[in-house]
Amino acid sequence: MSPHADLRVELAQLTNRTYQVRKLSHPGRWAAGIIVAILVILLVAAFAQGQIDWPVVAEFLTTATIMKGIVNTLLISALSMILGLVLGVVFAMMKQSPNPVNKAVAEGYIWVFRGTPVMLQLLIWFNIALVFPTIGIPGVLSWRTIDVVTPFVAAVLALGINEGAYMTEVVRAGLLSVDKGQSEAAATLGMSPAQTFRRIVLPQTLRVIIPPIGNSAIGMLKTSSLATAISARELLNATQQIYFVNGQVIELLMVAGIWYLAATTVLSVIQYFIERHFGRGFDGQQAARKVEPLEAEGK
Amino acid sequence: MNQIPNASIAVKAVNVTKSFGQTQVLRGVDLEVRKGEVFCLLGPSGGGKSTLLRCINHLETPDDGVIWVDGAIVGYELRGGVLHELPPRVARAQQRKIGMVFQHFNLFPHKTALENVMEGPLVVLKQGKDEAQTKALARLEQVGLAEQAHHYPSQLSGGQKQRVAIARALAMEPELMLFDEPTSALDPELVGEVLSVMKDLAASGTTMIVVTHEVGFARAVADCVGIMVEGTMREFGDPETVFSNPSDPRVQAFLAAVIEQDF
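Each protein sequence line maps, in turn, to chains A and B.
Mapping to this note's numbering: the first sequence position 100 is 100, numbers consecutive.
With the second sequence counted from 1, adding 299 to any position gets you this note's numbering.
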């Protein structure tokens with residue numbers, strides 16, 4: 001039988017202009033919420049009572065070795081990210097280029113560095129001295145590779161060049177998202193390709209690619225921990241240095257976890273503000289605020 | 300070119316030919332526009348009107364033929380009977396003397412109306428910020444948008460956007476203004492405000508080439524109209540003659556359709 005049979009109301013019954021409304025109650029939601037909350041409480045309680053010496057965690061949270069590790073982690077991540085972005089912009093433009101050589105080189109770069117594990121790339125850069133014992137300009141300058149490509153440098157090169165392969169695709173997608181009419185309008189004003197790119201296309205590209213770049217930066221911060229394998233003195237390596245000596249393995253891994261979480265949280269906040277900056281002209285609310293200086297400018 | 304165009308001519312196109320892949324869009328178009336004149340270019344879509352306009356502004360390069368704008372060939376230098384492609388810097392200097400208004404406005408969305416208008420003078424003409432701003436405000440005033448100077452394009456109506464785009468083109472003090480269907484993307488009630496700005500511009504003696512479907516505007520403002528069909532200029536002359544006595548059957552059919560729609 002159709003439910004409509006029961007829902008029938010004669011028009012004559014609609015006497016009021018307003019009615020009291022009774023919403024459905026959702027007992028299922030309540031039950032699910034309570035069960036999940038209990039499970040979380042049990043989990044937290046288990047860790048609180050587990051064999052983790054929390055005072056030790058607190059003690060090592062801010063020791064000099066750990067702090068130095070954090071600085072290096074931040075440096076490696078930031079430098080790798082910058083290298084990745086620069087490579088991404090360069091190779092994205094090469095991939096868009098009408099020049100078939102540029103295009104092929106960009107595609108080859110992506111193919112190699114996106115197609116091999118980043119851990120493998122780290123190990124290769126670390127051992128690059130086996131391939132080129134010395135580097136420099138032949139006959140003019142020469143250094144021993146082992147002195148130049150320190151674990152820190154190897155980490156930045158490996159992570160940055162790997163990131164660049166992904167960034168190329170991110171930047172290219174951003175460039176494609178800007179309407180061709182934008183460059184044409186700039187051309188009719190007589191702007192050069194460089195001016196058009198920097199002032200018109202790039203700002204609009206950034207708006208689109210900042211969210212994926214933010215994700216990558218957060219990913220990079222965590223991936224930089226792989227550099228412990230080539231004994232770069234970053235955060236995870238610092239915690240290992242300590243627990244190899246004192247045996248407080250879990251406590252020190254907790255220390256690392258807390259710092260990684262803190263750093264990624266800060267990055268998320270920074271990302272929010274950068275996104276807001278490049279959203280101008282697109283985000284109605286922010287633009288409306290910018291209208292105010294009109295009166296102030298009457299000078 | 301065999302004859303030197305006289306001083307009163309602003310634009311002359313000879314045998315302009317252009318193909319995109321297999322499609323021949325322009326099949327040897329000739330055109331002559333005098334200084335201070337308003338030339339309206341009409342015709343069914345796909346007839347090559349926009350492509351011709353884009354060739355005049357060097358956004359497209361013709362496969363054959365030449366376009367002469369105000370004393371020089373667009374994009375080329377004539378040396379020893381051969382056309383040599385101009386280096387980009389020189390071509391850009393030509394481009395900036397030709398203003399262009401697009402069907403879809405193409406305003407810079409991350410810049411306010413004022414910043415849009417200031418961009419060319421600031422970056423290309425290397426004007427100081429104060430000078431550029433003062434002049435840009437005057438341009439916005441001219442199109443009736445001084446109040447909206449600090450609005451972003453997303454906060455403007457279509458008609459307002461197109462007026463900002465006109466102000467942006469005028470800020471470069473062009474010798475020639477090109478309009479590529481400036482009202483085709485607008486809601487009907489917003490068409491009037493844009494056409495009225497264009498009428499003022501025409502009255503001030505600016506040389507204008509307008510690709511449009513607005514027969515009423517062409518009749519009222521144009522000194523000369525052309526009707527393009529399938530890549531050729533089928534009719535060319537003063538509006539009265541062209542609109543009342545078209546000889547080409549395709550043009551007759553086109554005009555019958557648009558004028559009926561237009562009344």
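Among the hints, erroneous ones may be present.
With the C-beta cut set under 8 Å, the calculated list includes, among others, these residues of chain B facing chain A [unchecked claim]:
1) Ala392
2) Val422
3) Val423
Bear in mind the hints are in silico, worked out from the structure with no lab data behind them.
C-beta atoms are modelled at their ideal positions from N, C-alpha and C, and glycine is treated no differently.
To see whether the hints hold, each was checked on the structure:
Because the smallest distance between the Cβ of Ala392(B) and any Cβ of chain A comes to about 7 Å, under 8 Å, the interface hint for this residue holds. Hint on Val422(B) holds. Least Cβ distance to chain A is approximately 5 Å, under the 8 Å limit. Satisfaction of the interface hint for Val423(B) is found here, the shortest Cβ-Cβ separation to chain A being roughly 4 Å, below the 8 Å cut-off.
The structure fails none of the hints (numbered hints given earlier).
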